[in-house]
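Chains A and B, in that order, give the protein sequences. Under my numbering, the first residue of the first sequence carries the number 75, and numbering increases by one thereafter. Under my numbering, the first residue of the second sequence carries the number 5, and numbering increases by one thereafter.
If you are wondering where the hints come from, they were derived from the structure by calculation, not from laboratory data. These figures come from a predicted structure and were not determined experimentally. Among the hints, erroneous ones may be present.
[Stated by the list, open to error] In silico DSS-like cross-links for lysine-lysine, where the CA-CA straight-line distance does not exceed 27 Å:
hint, chain 1, residue 1, chain 2, residue 2
1, A, Lys112, B, Lys9
2, B, Lys223, A, Lys371
3, B, Lys223, A, Lys161
4, A, Lys228, A, Lys159
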Amino acid sequence: MYEMSAMIISLQKKYLIRFVILSSFLSFQTLCMSGDLKDFINLLASGNQEAWDIMRFEMEQITEHRCKEELIEMLWVSDGSGIPKNKTEFFDELFRLIREKFNDSIPQFNNFKELKKFILDLSMVYIRDGFRNFMLLLPQNHDRAWWRLDKDFKTKMIYWLVSVKRSNLIEAEQVYYDSLVVFTQAVHQKKLDFPTSKNLKSYIFRIAELKMMEMDRENQKQEKISNFEVHKDLSLLDELYDEELDNKIENLMQQLETQEREILFSNYFHDENLKTIAQRLGITEENCRVIKFRALKKMRIMVKNMNMIETWK
Amino acid sequence: MSGMKHNFVIKEGIIENYLLHRLSDRETDDFEEHLLYCKECRNMLAETKEIMALTQYMAIHSSNEQNKEVVSQKKISFFKPWMRAAAVLLLTVCSAGIIWYLIQKPTESFVLNENKPDPVKHFHDSATFDNTLPLKTLNRTASTSKKELLSDNYREVDLYETAIKNNLRGENIDVISPAISSNIALGEKVIFTLKENNRKILLSVIANTGKFLFEDTVKTPFTLPLKLQRGLYYWEITENDEVAFVSKFYIK
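Just chain A, same shape as in the assembly:
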């Protein structure tokens, strides 16, 4: 009798656990189907791991998108203890702050805009305050701060010079190093004060603009250079030089036909729309779209073969 009852209890326990797991899974499924923000917040409050993973993804996208729009550098921050090594470290810290806020009291959001504002308020304050600390480190010749500045600036400036100014990599590198020398001297001689990283960026970009003009004068170029204009930051590169990728790049380039390459570069790098590209190449817009679609197919296979992305769960 005793054995029977013990068995029944153990069976009940087993099914209870299964029921709990199933119900939490179903609640998540219904959230995905219903798309209700309140359900999502409730899941966050209950500590659902999947919901928090989505929250992290959302936080990364929203913050990165806003920073690019405002031309702000995310990673130029320091909280006194150090400087983030990469995006992951930066977002880890930001994510910790958001979770802390949730632990204090669960915020109420009536719509998605309020949730977005909550994330952006936190991240922008973190970036603004972090940047002030970061700027204090530069005159002290802080290794890590200069390393971070050099790495990001190089990527951004070379991207800008090649994509917008249509310069080549060798010229762009020269202009970058010349500008950095001038900027380093200015940091040590004057007391430079920039409220945001955007101001600092436009200061160095201005130096680069002048260096470009000097270089063009030496090369006897007759073209006039336009004034510095704040350009959209479309760069998605974290690394400008990657040995592994360099070894593969020639093979990758061969997989794409000349026209496919031209269309992808123009669209994703020089920020031209398909209509302009089609007119330049003397083909119809529809044809251009088909070629791009084929090129993207190939690129998808390449990216997957290189295991560049972890599938997002």
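Using the hints, position chain B against chain A.
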């Protein structure tokens, strides 16, 4: 409210425009809200981001090659007018010299021929000897080029081979025919059959040169309305703008 509808995101290329900052503030908000509830879009966003980053990397690193072409064009334009005039003068002098030489040549050869053996006999002797050689070499080159052509038709393409090895996202696609690496006789019909009948798929058939021979949405089972020559052919099924399955067959 879930912001945007999934079909709208796919149809309007919202993900790409989001990354290129081409959406309005409202569209951006709507799409970001949609991301909360759509796993597929989150995956696609991560993937598109990587593709764009790779494209940008390639564009920067190939900028030097493009510039070489521009530089060589510029060098030509740096030629000064007097140099151009000198070149034209040199050309006219040279061409005049050649014309003069050609006019003079027949008379010279006529004088020399007087001491030579009978030209007709000489022609026959040389013809029997000379003509055989080129014919042999011609035949040899023709046969080798045919072999080369055949081997070219069966040459494998790394891109598709690795895709087949990894077999992307083909878990939910059960292919019955043509089986992977199957041999199909020349002239025989190529029939694409899945376990699931009447399934709509975007089918592409690609020659090993990378040329797309066929690309259309079809219902399974489907007979390919093309006469294929001997060679290696790759085929793929695309679902939601993504390659879902890649395979190959030989026509022998």
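Outcome of the hint check:
1. About 19 Å separates the Cα atoms of lysine 112 of chain A and lysine 9 of chain B, which keeps this hinted pair within 27 Å; it holds.
2. Between lysine 223 of chain B and lysine 371 of chain A the alpha-carbon distance is near 22 Å, which keeps this suggested pair within the 27 Å criterion.
3. Of the supplied pair hints, the one linking lysine 223 of chain B and lysine 161 of chain A is violated, its CA atoms being roughly 46 Å apart against a limit of 27 Å.
4. With a C-alpha separation of about 16 Å, the suggested pairing of lysine 228 of chain A with lysine 159 of chain A holds against the 27 Å cut-off.
In the structure shown, a violation is registered for the earlier hint numbered 3 alone.
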